[in-house]
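Numbering (the numbering used here), first residue to last: 503 to 914.
Check each hint, because a few of them may be wrong.
[To be verified] Simulated pairs of lysine to any residue, SDA-like, Cα-Cα distance not exceeding 25 Å:
1. Lys872 with Glu822
2. Lys872 with Glu815
3. Lys508 with Lys523
4. Lys726 with Leu756
5. Lys520 with Asp564
6. Lys583 with Asp668
7. Lys672 with Lys636
8. Lys608 with Glu645
9. Lys520 with Ile569
10. Lys864 with Lys909
11. Lys909 with Leu732
12. Lys904 with Val875
13. Lys508 with Thr568
14. Lys508 with Glu640
15. Lys523 with Ser505
16. Lys583 with Ile606
17. Lys905 with Leu865
18. Lys814 with Gln676
19. Lys880 with Tyr795
20. Lys880 with Asp856
21. Lys520 with Val531
22. Lys726 with Asp564
23. Lys812 with Tyr861
24. Lys679 with Asn734
25. Lys869 with Lys909
26. Lys599 with Asp800
27. Lys876 with Glu815
28. Lys608 with Glu640
29. Lys869 with Lys802
30. Lys802 with Glu889
31. Lys758 with Glu803
32. Lys579 with Glu596
33. Lys731 with Gly776
34. Lys520 with Leu571
It should be emphasised that the hints constitute simulated quantities derived from the structure, not laboratory data. Predicted, not measured: the structure shown is a model, and the values here were computed from it.
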Amino acid sequence: AISHAKAAGVPFIIAVNKIDKPNANPDLVKSQLAEMGITPVEWGGEYEFVNVSAKTGEGIDDLLDTILLQAEMMELKANPKRKAKAIVIESRVEKGKGPVATIIVKNGTLKKADSFVCGKTYGRVRLIIDDLGKQKKEVKPGEPAEISGFDETPIAGDVLIAVDSDKIAKETAQKWKEFSEGREKSKSTKATLEDLQKMILEGELKKLPVIVKADTQGSVEAIKGSLIKLRNEEVKVELIHSDVGAITENDVILAKATEPHAIILGFNVRPTTGAKNKAKQEGIEIRTYSIIYDLIDDIKELLSGLMTPKIKEEVTATIEVREVFNVPKVGTVAGCYVLDGVVHRGDFVRVIRDGVVIYDSKLASLKRFKDDVKEVGKGFECGIMVEGYNDVKVGDTLETYKKIEEKASFEG
């Protein structure tokens, strides 16, 4: 939060919450934030700290006074008579209303039936609901509200600007959409040229394509932010598409068109009946969640499955070569004694001479007298042939082992 506020170059006030608790220690918060460069005014810094309790309401008036004082010192002013300019704080799709957004008006007054453009989308204000859930006819500078009437769901951070007509709104949104897409294309081309070597190296990466649908834009952004971080030198998540709203047939079609097929992740949303049937028909997996951590844990598990399994070795027997027989047209057979463990017919084997591994292969055969056997235990003699090796000598040690495949665990 501090990094975002600093990057945006905006002033901020720290509200220290839960001071109603018996063990509340606001000074500890101040000292911890001071270590991060956020020094309170009373300690000679520039940041206002206000102690509050959301439960009891204590300190809320002080917080409001502090906000007003800071606004006055910064000479923040707005003209309520001009056309509105607002910022989208959150957005979602609501049944019966379609796309809705929570906005804060920065300048001007936003009125019911106003045409507007908002990032790549546009519309006309149909409903205005205030923070108490009551319908209003207008929203003035500094006031928050929830509005409906969008053509598509806007993105948190988009600027909403009231315009003279629906035609102007639509044309402006289209131009901004084309400009944004062109800019993204230019950016990706530039990145491709600059990071060509890196992308060649990443060619070995295994990708897990996903489509994300959620109930609010804030949820979409939070999930996207978490998923993008899930990568290591071998695997990564590839976000194909993300949006607000129910999982639709179009999402399933997109997942099917992706190679390999994408997994559809829904957060607080469900697939439509058509999407369910289409997914079953096309073999597309849909997973729904109500807790983000569960979603992330599942994706980590899927990434683990994409990773190359870890091979663990388990020594099964230590064997001493006591005699060597050269069998015509067959090869060298080592007459052995099992010092420890149990040797199995399918084991791998190392030939060790004077403490140095000189050959590593598999058992070609395992016999007791003239019979093939599946295993020979400690204290018994056996005849062994090493696959591809005929230079076994008396006094060599053979170490047999199994290779156990363990599923890799994603730690990125």
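Hint check results:
no.: 1; hint: Lys872 with Glu822; in the structure: 19 Å, holds
no.: 2; hint: Lys872 with Glu815; in the structure: 30 Å, violated
no.: 3; hint: Lys508 with Lys523; in the structure: 30 Å, violated
no.: 4; hint: Lys726 with Leu756; in the structure: 18 Å, holds
no.: 5; hint: Lys520 with Asp564; in the structure: 15 Å, holds
no.: 6; hint: Lys583 with Asp668; in the structure: 20 Å, holds
no.: 7; hint: Lys672 with Lys636; in the structure: 29 Å, violated
no.: 8; hint: Lys608 with Glu645; in the structure: 8 Å, holds
no.: 9; hint: Lys520 with Ile569; in the structure: 19 Å, holds
no.: 10; hint: Lys864 with Lys909; in the structure: 23 Å, holds
no.: 11; hint: Lys909 with Leu732; in the structure: 18 Å, holds
no.: 12; hint: Lys904 with Val875; in the structure: 17 Å, holds
no.: 13; hint: Lys508 with Thr568; in the structure: 20 Å, holds
no.: 14; hint: Lys508 with Glu640; in the structure: 32 Å, violated
no.: 15; hint: Lys523 with Ser505; in the structure: 28 Å, violated
no.: 16; hint: Lys583 with Ile606; in the structure: 16 Å, holds
no.: 17; hint: Lys905 with Leu865; in the structure: 13 Å, holds
no.: 18; hint: Lys814 with Gln676; in the structure: 58 Å, violated
no.: 19; hint: Lys880 with Tyr795; in the structure: 50 Å, violated
no.: 20; hint: Lys880 with Asp856; in the structure: 22 Å, holds
no.: 21; hint: Lys520 with Val531; in the structure: 12 Å, holds
no.: 22; hint: Lys726 with Asp564; in the structure: 37 Å, violated
no.: 23; hint: Lys812 with Tyr861; in the structure: 23 Å, holds
no.: 24; hint: Lys679 with Asn734; in the structure: 33 Å, violated
no.: 25; hint: Lys869 with Lys909; in the structure: 34 Å, violated
no.: 26; hint: Lys599 with Asp800; in the structure: 33 Å, violated
no.: 27; hint: Lys876 with Glu815; in the structure: 20 Å, holds
no.: 28; hint: Lys608 with Glu640; in the structure: 13 Å, holds
no.: 29; hint: Lys869 with Lys802; in the structure: 46 Å, violated
no.: 30; hint: Lys802 with Glu889; in the structure: 40 Å, violated
no.: 31; hint: Lys758 with Glu803; in the structure: 22 Å, holds
no.: 32; hint: Lys579 with Glu596; in the structure: 34 Å, violated
no.: 33; hint: Lys731 with Gly776; in the structure: 32 Å, violated
no.: 34; hint: Lys520 with Leu571; in the structure: 23 Å, holds
The structure shown violates the earlier hints numbered 2, 3, 7, 14, 15, 18, 19, 22, 24, 25, 26, 29, 30, 32, 33.
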